[in-house]
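We have chain A; now place chain B onto it with these hints.
Line by line, the protein sequences give chains A and B. Counting in the numbering used here, the first sequence runs from 14 upward without gaps. Counting in the numbering used here, the second sequence runs from 708 upward without gaps.
Among the hints, erroneous ones may be present.
As the list claims (entries may be wrong) - Distance ranges between label pairs, derived from CB positions: (1) A:Asp87 / B:Thr967: 20 to 30 Å; (2) B:Ala1115 / A:Leu59: 48 to 58 Å; (3) A:Cys65 / B:Arg1120: 54 to 64 Å; (4) B:Asp823 / A:Ala77: 31 to 41 Å; (5) A:Ile72 / B:Glu718: 31 to 41 Å; (6) B:Asp856 / A:Val107: 18 to 28 Å; (7) A:Leu49 / B:Thr854: 31 to 41 Å; (8) B:Arg803 / A:Ile72: 51 to 61 Å; (9) A:Arg33 / B:Arg791: 36 to 46 Å; (10) B:Asp856 / A:Leu56: 45 to 55 Å.
Derived by calculation from the structure, the hints in this document are not laboratory data. Backbone N, C-alpha and C fix where the C-beta goes; we use that ideal spot for every residue, glycine too.
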Amino acid sequence: MRYLLLLTTDSAPPSAALQRFTVELIQAGVLLAGELLAVDGLLVELGADGSCRVAVAPIADARANALWIVQASDRAEAVEWARRLPVDRGRVEVRRIVSGAAAEA
Amino acid sequence: MAEAQDVTADEARRAVEAVWRIESGKLVAGLARWTGDVGLAEELAQDALVAALEQWPETGVPRTPGAWLTTVAKRRAIDGWRRRERLDERYAALARDLEQQDDDDPAAAVDEEIQDDLLRLVFVSCHPVLAPGARVALTLKLLGGLTTDEIARAFLVPVPTIAQRIVRAKRTLTAAHVPFAVPDRADYPERLSSVLEVVYLIFNEGYSATAGDDWMRPDLCQEALRLGRVLAELTPREPEVHGLVALMEFQASRLPARATAEGEPILLQDQDRTRWDRILIGRGVAALDRADRLLGARGRGPYALQAAIAACHATAPAPGDTDWEEIVALYGALAALRPSAVVELNRAVAVSMASGPEAGLEVVDRLVDDGALESYHLLPSVRADLLFKVGRHAEAEIEFERAASMTANGRERTLLLARAADAAEAAAASSGSAP
Chain A
14 MRYLLLLTTD
24 SAPPSAALQR
34 FTVELIQAGV
44 LLAGELLAVD
54 GLLVELGADG
64 SCRVAVAPIA
74 DARANALWIV
84 QASDRAEAVE
94 WARRLPVDRG
104 RVEVRRIVSG
114 AAAEA
Chain B
708 MAEAQDVTAD
718 EARRAVEAVW
728 RIESGKLVAG
738 LARWTGDVGL
748 AEELAQDALV
758 AALEQWPETG
768 VPRTPGAWLT
778 TVAKRRAIDG
788 WRRRERLDER
798 YAALARDLEQ
808 QDDDDPAAAV
818 DEEIQDDLLR
828 LVFVSCHPVL
838 APGARVALTL
848 KLLGGLTTDE
858 IARAFLVPVP
868 TIAQRIVRAK
878 RTLTAAHVPF
888 AVPDRADYPE
898 RLSSVLEVVY
908 LIFNEGYSAT
918 AGDDWMRPDL
928 CQEALRLGRV
938 LAELTPREPE
948 VHGLVALMEF
958 QASRLPARAT
968 AEGEPILLQD
978 QDRTRWDRIL
988 IGRGVAALDR
998 ADRLLGARGR
1008 GPYALQAAIA
1018 ACHATAPAPG
1028 DTDWEEIVAL
1038 YGALAALRPS
1048 AVVELNRAVA
1058 VSMASGPEAG
1068 LEVVDRLVDD
1078 GALESYHLLP
1088 SVRADLLFKV
1098 GRHAEAEIEF
1108 ERAASMTANG
1118 RERTLLLARA
1128 ADAAEAAAAS
1138 SGSAP
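Extracted from the complex, chain A is given alone in its bound form (with noise of 0.2 Å):
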């Protein structure tokens, strides 16, 4: 099965950090996909009548920084996964990914 975890803090984790937990997913060999995401961002809000407002990102004091998509065997595995991630204080949303060949492997 496939997770995604998607890392929320206050302040930006220490990079340092967070490469250490992806080299530790891949030398586990569990790790399909890792990315940092900019601090600003867009929000496009599209309407049900078609139309589409697109505005900055409001810049709120908890954002999601970092993504990771994880091979695990179930969801206690990318619970513990998110568990290791060496950052002082945060929220990680673990999500299993339900489309393509994660839905049945």
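Below, chain B alone, put in the same frame as chain A:
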């Protein structure tokens, strides 16, 4: 209420098992270096797992679970040795060692050291003194962290068979005094190819099963891929390791498209390419690139060549875009490296795609003249297909029927007999229209 508790207990057990899957290889490897005995290391690791299953549901998973497991395994080992009256000198030394280390943070075990131990464990698990089946079982058990039950289920054999295979394998390693070490330079290439063979055996065991039959089998492909990727980090300078990883990534990318919902196999040319896994294809391209960058003056090895062939298919947006000329060249290189009638038959198919059925038929006929593959149903099957394409329908019918009589697979037989009937009809039509 009771049900809620069960759910929590179940979650707690799953959390322990998750740690186990991540840590067991490193744990066994570290303990094997400590004791010099892989079998003993595995038993100690199991003791630590039992302790974790008892304690973690109460205490929660410790912050550094790997270090916790290592410490518990070592303490239990020493307690056990002390209970036996004579503590032999070797174990006494280990016990003293542990007491001295106790003040240090066990988590401080250098990452590099763990990786070295893991590599030693890979080589020992795949040691040539063991039969191939034993290597596979031991590798899945020690490095994959799979239970005996899971391995048995994956290989569709009874649990006691696997249990016995593992016990015997550990005994064989001890009896043969196999050192817990990476082989020296003279033996390295042969030992590494044994490791690659084991990983690919595991992969193929999962890959050759049709989808939907058993849920563990695609998992076996995932497990082989994981092992392959771990190995690629342990031996980053070995091109064939990256070649094998690339080959498995490409093949696994097709898993979702290889069979119908009913489990009927779908030929490569007929697969829905939108269902191929883009992430795995991307990883395959990267792994093959890594292999190629390491090769320098050396040519690609058999795994890298097979990966390159798989890449030609994986990166073609539609069947018509396939670079068959390149595939012919790659099969030629593979045949030069590992002469094999099966490779030659594959080359014949590629030649027919690149240069037409007549050219392919010439290659197949040479194989027939050589008397190769006499009991391999794909030879008459391929020949029949090419004969049909060049309009020699009557001969095609005979070959399709011969292929049908040779295959052990019922679905395939039905398909081949249907094609034989088509060929017969075409033969009748063309003889009827002849003046």
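| said: Assuming the hint says 51 to 61 Å, is it satisfied by the Cβ distance from Arg803 of chain B to Ile72 of chain A or not? | reply: 57 Å, holds
| C-beta pair Ala1115 of chain B, Leu59 of chain A: status relative to the range 48 to 58 Å that was hinted | About 56 Å separates the Cβ atoms of Ala1115 of chain B and Leu59 of chain A, which means 48 to 58 Å holds.
| field | Whether the CB-CB distance between Arg33 of chain A and Arg791 of chain B falls inside 36 to 46 Å | value | 41 Å, holds
| 20 to 30 Å as the expected CB spacing between Thr967 of chain B and Asp87 of chain A, which holds or is violated | Holds, at about 27 Å.
| task | Using the Cβ atoms, figure out if Ile72 of chain A sits within 31 to 41 Å of Glu718 of chain B. | result | 36 Å, holds
| said: Looking only at beta-carbon atoms, does the pair Asp823 of chain B, Ala77 of chain A fall within the given range of 31 to 41 Å? | reply: Cβ of Asp823 of chain B to Cβ of Ala77 of chain A: about 36 Å, so the range 31 to 41 Å holds.
| task | Using the Cβ atoms, figure out if Asp856 of chain B sits within 18 to 28 Å of Val107 of chain A. | result | Distance hint for Asp856 of chain B, Val107 of chain A holds at roughly 27 Å.
| Asp856 of chain B paired with Leu56 of chain A, Cβ distance criterion 45 to 55 Å | Roughly 50 Å apart at Cβ, these two residues keep to the hinted range, so it holds.
| query | Given a hinted range of 54 to 64 Å, is it respected by the beta-carbon distance of Cys65 of chain A and Arg1120 of chain B? | reply | 57 Å, holds
| field | Range hint compliance [Cβ, Leu49 of chain A to Thr854 of chain B, 31 to 41 Å] | value | The hint (31 to 41 Å, Cβ to Cβ) holds, given that Leu49 of chain A and Thr854 of chain B are roughly 37 Å apart.
In summary, the structure agrees with every hint in the numbered list given earlier.
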